[in-house]
Amino acid sequence: MKIYRYAFILFILLGCSLNLISQESDLLSLLDEEETTHYTTASFKATRVINLHSLENMSAGELDIKIQHRFGFISGGAYELWGLDQSTIRIGADYGVTNSFMIGLGRSSYEKTYDGFMKLKVLRQSTGAKNMPVTLALFSSMAIKTLKPSDPNRENYFSNNLYYAFQMILGRKFSDAFSLQLSPSLVHRNLVATAEESNDVVALGVGGRIKLSKRVSLNAEYIYVWPDQIADIYTNSFSIGFDIETGGHVFQLHFSNSTSMIEKGFIAETVGEWGKGEVHLGFNISRVFNLK
Amino acid sequence: MNTKILFALALCLCTQVAIGQKYFSKSGKISFFSDTDMEKIEAENTSASTVIDFSSGAIEWAVLIQGFQFEKALMQEHFNENYMESSKYPKAKFKGVIEDHTKVDLTKDGTYEVMVNGELEIRGIKKPVSTKAKIDVANKMFTGTCSFSVMIADYGIKVPKVVENNIADEVDITILAEYKPL
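Residue numbers (this note's numbering), protein chains in the order written: chain A, 1 to 292; chain B, 1 to 182.
The following block holds chain B by itself, in its conformation from the complex (with noise of 0.2 Å):
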């Protein structure tokens, strides 16, 4: 008998498992906007890819740099060429942890403001990266959206001096994703 109960205990936590928590989203928007008096420069991506898993709080995100979206096509090759080496490094991921995952309440519609820690690797340098994040949630779907910078230097980017003025030392990045339950 005894052993039936752990059983069936073991088979409600494998369960638990399989259900999980998790969210992912495969078109996580990601912008960045450099602004100098030179020059402003901008750029969209619109298929990062992104899980959230609310049984623990961890998040993470990939991006391909080549999918960058530049209004220039020259700028756009300068910025995998010169700046990203895209071809070396075709990626940049963020993993990381959601603080206060505990208070976001995705039966319960409603913004809930959370804290994310964790690290940024661009380049293949990781960096700690912490920002406040807003997680929306509507008809049991959510939107999670967030705005940070980051300094350019930090990354090993190096930019010469006759575009010293076009290329700002801190960018600005926006994410946002509409996350489905996986």
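Just chain A, same shape as in the assembly (with noise of 0.2 Å):
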């Protein structure tokens, strides 16, 4: 019987050091870890994928000054130094009111027009504490066109310039490198040249990007727009192109058929067809700028 005591007083000696080796080699082990939550960052380097908004905002206090720029057609040829000869330009100011809200104003060479618009993010993708696959944002702009009408001795209302645009914003950062945006689109017009065309254009647009290298990454959007809303000379938009980020600048460099860089502009008034080059080379740069 004794010998079974003795066992037994071993084991539980034995039992007490082993618990002190094991909760020696890990202490932080001893705390229990509350799970937080985490919110996906950097799914697109920019705020714009190409031509269309991305699923990021600027952040609260943040200013960032854009000069979007287009080339013209590379079909120009040598004459027109494939294009190089021509520009079309945006020169815009994009503000973070707070992290979920954005707003914007900006300036197009293409017909004079100035545009300004909101971006509100709804959901934001999270794991963790919080779990949320996707994140959703709303947007919309409107536009007003400057440039002389075409007929003058028609009554020219100033409603006839403006231009409205409505998008949901719905991405998702599947992993590091790669991440998917997809934009449904509502374009509404208050004046169409004909009267085949419709006022409202409705679209969807898909972004994505996946990451070549930290500071380096691919990105490529299209966007369908539902037939017999638009005139036959009018196409859908493709755009692809690199984004390249420098401290504090983002520089995006791509090629695209559209000349607008505004929605009412690439998504229902695209011309170039990319299979007979009619293609810009175009560039966005980003400077952004910390006013709190």
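Treat the hints as calculated values from the structure; they're not laboratory data. None of the hints are false.
Result set (SDA-like, lysine to any residue): computed pairs, CA atoms no more than 20 Å apart in a straight line:
1. A/K214 to B/K158
2. B/K72 to A/R287
3. B/K91 to A/T40
Each pair of labels, with its calculated beta carbon distance range:
4. B/G156 to A/Y224: 42 to 52 Å
5. B/N117 to A/L30: 16 to 26 Å
6. B/T145 to A/K214: 32 to 42 Å
7. B/K108 to A/D176: 46 to 56 Å
8. B/S130 to A/G61: 34 to 44 Å
9. B/E164 to A/M132: 34 to 44 Å
10. A/D232 to B/G156: 54 to 64 Å
11. B/S27 to A/R107: 46 to 56 Å
12. A/S29 to B/P128: 15 to 25 Å
13. B/D35 to A/L31: 27 to 37 Å
A virtual CB, placed ideally from N, CA and C, is assigned to each residue, including glycine.
Starting from the two chains in their separate frames, assemble the complex, guided by the hints.
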């Protein structure tokens, strides 16, 4: 019997010492870890995929001065220096009012158009305590064309020059390298050229990026416009390019068949045919300033 | 009889282990500072976890990289995305020993200077760290503070040429925690 007792005591002692060893090898495991919510960041490097608004917002107090530039069509050949002789430009400023609400203003040389927009993040992709598989943003913009009317004899109301665009941006960062978003869009034109064109244009944009290195990503976007809404001369917008990040700048270099850089333009008024080389070389330069 | 004494002894040993001399904090502050002529970069994390076992002098720290708060949101994004790769390496850890922990008397208020040796793990790379630390005892509680610096190249952090002058090669780290008994 005695031997059993000794064995029992030895067992307890052994148990204690083992306990001691295990505790010492990992002290932090003694603390129970509270699960925190981790919000996904940097799904895209900029607030634009290329022309399309990405699901990213400016942070509160950040001002982004954006210079967007498109050269002429490459199909212009050597005479036009492959489009380098022409240029279309949009100068804009985006500002983060809060971390989930941003506004922006811009002026495009294309049809001398002024535009303003708002973007509100409704859902943020997250893991951990709060799990949310997607980011959802709502976007709305308005544009005013100030180009002198083609027919001065016709009565031209101010409202003729107004355009509106609404978008839902639904996206997900699937991995560090790959993000994808869908942008169902509605563009409203107060005035269209012919009765065959509809004032409302429904479209679906798809944009994505693949990170090639820490500071370079390959971006592409395509916007499908449902048939019989726009004139035959217009086609769907497709753009592909690179985001190159250098400290406070993001440099976006791309090819696009769209001339305009605002929604009503690149969704409903794209004329370039990729097959015919009617493609612009273009870039967006973004410089961020902290106002807070 | 003999067995009863042994049994009591064993129980004593057990309880001693259970009480222990362990102290912890879940709101440890870790901040770092990179100072160059071009730019000063500062970030702070106030939710680091740490445990000290005074019976052995063992000390451990762990901190979530994503919890570091910067003044500029873009800096924070670049810190996580480009330099620390926090989705791949979510935590930085320190595991070490307070070499002269026996001179700290937690029943007596005062300031004790101690030497801490251990390994700091950042981005999955472990490097030895040896630093002086201070333990301020007051009312059976104590505050631990420490500052040291690390070479960012030691942890495989590469800085591109364009921002070379904005980020210091050596970053100063300051640590503070108010420990409570575990």
